[in-house]
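Line order of the protein sequences matches chains Z and U.
Just so we're aligned, residue 1 is where the first sequence starts under the working numbering, counting upward by one.
Just so we're aligned, residue 112 is where the second sequence starts under the working numbering, counting upward by one.
Worth double-checking, as some hints may not be accurate.
The calculated label-pair distances, taken between Cβ atoms and stated as ranges, are [claimed, not checked]:
{"no.": "1", "chain 1": "Z", "residue 1": "V33", "chain 2": "U", "residue 2": "G207", "range": "18 to 28 Å"}
{"no.": "2", "chain 1": "U", "residue 1": "F202", "chain 2": "Z", "residue 2": "L46", "range": "19 to 29 Å"}
{"no.": "3", "chain 1": "Z", "residue 1": "N86", "chain 2": "U", "residue 2": "I273", "range": "16 to 26 Å"}
{"no.": "4", "chain 1": "Z", "residue 1": "L49", "chain 2": "U", "residue 2": "S151", "range": "21 to 31 Å"}
{"no.": "5", "chain 1": "Z", "residue 1": "E111", "chain 2": "U", "residue 2": "R145", "range": "43 to 53 Å"}
{"no.": "6", "chain 1": "Z", "residue 1": "R23", "chain 2": "U", "residue 2": "W141", "range": "50 to 60 Å"}
{"no.": "7", "chain 1": "Z", "residue 1": "G26", "chain 2": "U", "residue 2": "A137", "range": "46 to 56 Å"}
{"no.": "8", "chain 1": "Z", "residue 1": "G26", "chain 2": "U", "residue 2": "L130", "range": "55 to 65 Å"}
{"no.": "9", "chain 1": "U", "residue 1": "T238", "chain 2": "Z", "residue 2": "I6", "range": "23 to 33 Å"}
{"no.": "10", "chain 1": "Z", "residue 1": "F43", "chain 2": "U", "residue 2": "T238", "range": "50 to 60 Å"}
{"no.": "11", "chain 1": "U", "residue 1": "E154", "chain 2": "Z", "residue 2": "M79", "range": "39 to 49 Å"}
If you want the ones that stay clear, here's a sample from chain Z, every Cβ over 12 Å from chain U, calculated [stated by the list, open to error]:
{"no.": "12", "residue": "T29"}
{"no.": "13", "residue": "K47"}
{"no.": "14", "residue": "M74"}
{"no.": "15", "residue": "Q75"}
{"no.": "16", "residue": "M79"}
Think of the hints as simulated: they come from the structure by calculation, not from any bench.
Predicted model, so just to flag it, every value in this text is computed and none were measured.
Cβ coordinates follow ideal geometry from the N, Cα and C atoms, glycine included.
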Amino acid sequence: MESGAISLFMSNVETIPGKSITRSLGLVTGSTVRAKHLGKDIFAGLKNLVGGELKQYTDLLNESRNEALQRMMMQAHGMGANGIVNIRFATSSVAAGASELFCYGTAVVVE
Amino acid sequence: MSVTVSSIIVGVLFASLPLFPFISWAMGRWYQSRLMNALSEKEKLEGGSLQNENHLSTASSTVLMSAQASALLHVSICVGPSMGQIFFMWFKSLVGGRLRSYEVVLEYGRREVLFRLREQAKALGCTSIHNVRLETSVISFAQNQDSKRSSVEFLAFATGLIH
Numbered sequence: 001m002e003s004g005a006i007s008l009f010m011s012n013v014e015t016i017p018g019k020s021i022t023r024s025l026g027l028v029t030g031s032t033v034r035a036k037h038l039g040k041d042i043f044a045g046l047k048n049l050v051g052g053e054l055k056q057y058t059d060l061l062n063e064s065r066n067e068a069l070q071r072m073m074m075q076a077h078g079m080g081a082n083g084i085v086n087i088r089f090a091t092s093s094v095a096a097g098a099s100e101l102f103c104y105g106t107a108v109v110v111e
Numbered sequence: 112m113s114v115t116v117s118s119i120i121v122g123v124l125f126a127s128l129p130l131f132p133f134i135s136w137a138m139g140r141w142y143q144s145r146l147m148n149a150l151s152e153k154e155k156l157e158g159g160s161l162q163n164e165n166h167l168s169t170a171s172s173t174v175l176m177s178a179q180a181s182a183l184l185h186v187s188i189c190v191g192p193s194m195g196q197i198f199f200m201w202f203k204s205l206v207g208g209r210l211r212s213y214e215v216v217l218e219y220g221r222r223e224v225l226f227r228l229r230e231q232a233k234a235l236g237c238t239s240i241h242n243v244r245l246e247t248s249v250i251s252f253a254q255n256q257d258s259k260r261s262s263v264e265f266l267a268f269a270t271g272l273i274h
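With these hints in hand, go ahead and build the complete structure from the sequences.
In structure tokens form, the structure reads like this:
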């Protein structure tokens with residue numbers, strides 16, 4: 001595990017495949033609330049003329065979701081875990097023009 | 112001279128304003144069918160081991176023990192129909208029935224997100240994908256909630272296994 005980027009074993013199943021869980025440390029969560037970027041929104045508005053994929057929104061949400069994951073990983077790292085199992089993602093529109101990207105999982109120690 | 116030319120341009124723009132929903136609808140239909148065709152082509156070209164349905168499952172506990180390593184995969188995509196299509200959907204909703212524009216867009220989004228999930232798995236060297244979960248949510252970035260510029264987000268996440 002490097003000091004800069006935290007690397008954890010992560011999965012959305014009950015175990016880390018190929019490893020065994022020795023200790024469970026409890027729930028870890030991470031979330032971000034993101035509003036649109038005005039410039040990007042204008043481009044997305046133009047894209048709305050034809051529909052299909054709205055690339056600006058896709059990028060924005062991916063970026064935000066990665067940040068939420070980073071926060072969850074930081075929390076797990078702070079608890080002394082080296083893995084997170086049963087990761088779930090959730091998205092909700094909390095306000096007009098903003099959405100919350102949320103992820104949660106169980107921090108574990110594996111070997 | 113230039114005044115008349117510009118007034119003609121403005122006149123044409125104003126005259127075409129009522130046509131806007133039709134134009135947007137037609138462009139949407141054309142563009143989305145092109146996207147679908149491109150996706151079908153990509154899926155055909157893809158081939159490979161991950162195409163096998165045994166290698167892409169929603170089950171959480173099969174052959175997990177034999178794996179050496181794993182990775183969390185997550186992909187999302189935002190899609191939406193065109194403004195013109197949304198406009199005509201309002202008329203369609205008077206009589207009910209199938210909303211074809213939405214069906215096409217949603218099918219495209221879901222197939223594309225699964226395609227990207229497989230791409231991501233391949234990039235990480237995974238040989239199979241387990242516990243696939245698909246989520247759908249409405250993302251409204253516009254200020255008013257019932258705006259014509261909301262989009263649907265598809266999220267797929269899974270555990271990729273390296274055997």
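These are the hints, each one checked on the structure:
| no. | hint | result |
| --- | --- | --- |
| 1 | V33/Z - G207/U: 18 to 28 Å | violated (36 Å) |
| 2 | F202/U - L46/Z: 19 to 29 Å | holds (24 Å) |
| 3 | N86/Z - I273/U: 16 to 26 Å | holds (20 Å) |
| 4 | L49/Z - S151/U: 21 to 31 Å | holds (24 Å) |
| 5 | E111/Z - R145/U: 43 to 53 Å | holds (51 Å) |
| 6 | R23/Z - W141/U: 50 to 60 Å | holds (57 Å) |
| 7 | G26/Z - A137/U: 46 to 56 Å | holds (55 Å) |
| 8 | G26/Z - L130/U: 55 to 65 Å | holds (60 Å) |
| 9 | T238/U - I6/Z: 23 to 33 Å | holds (26 Å) |
| 10 | F43/Z - T238/U: 50 to 60 Å | violated (38 Å) |
| 11 | E154/U - M79/Z: 39 to 49 Å | holds (42 Å) |
| 12 | T29 | holds (16 Å) |
| 13 | K47 | violated (9 Å) |
| 14 | M74 | holds (16 Å) |
| 15 | Q75 | holds (16 Å) |
| 16 | M79 | holds (18 Å) |
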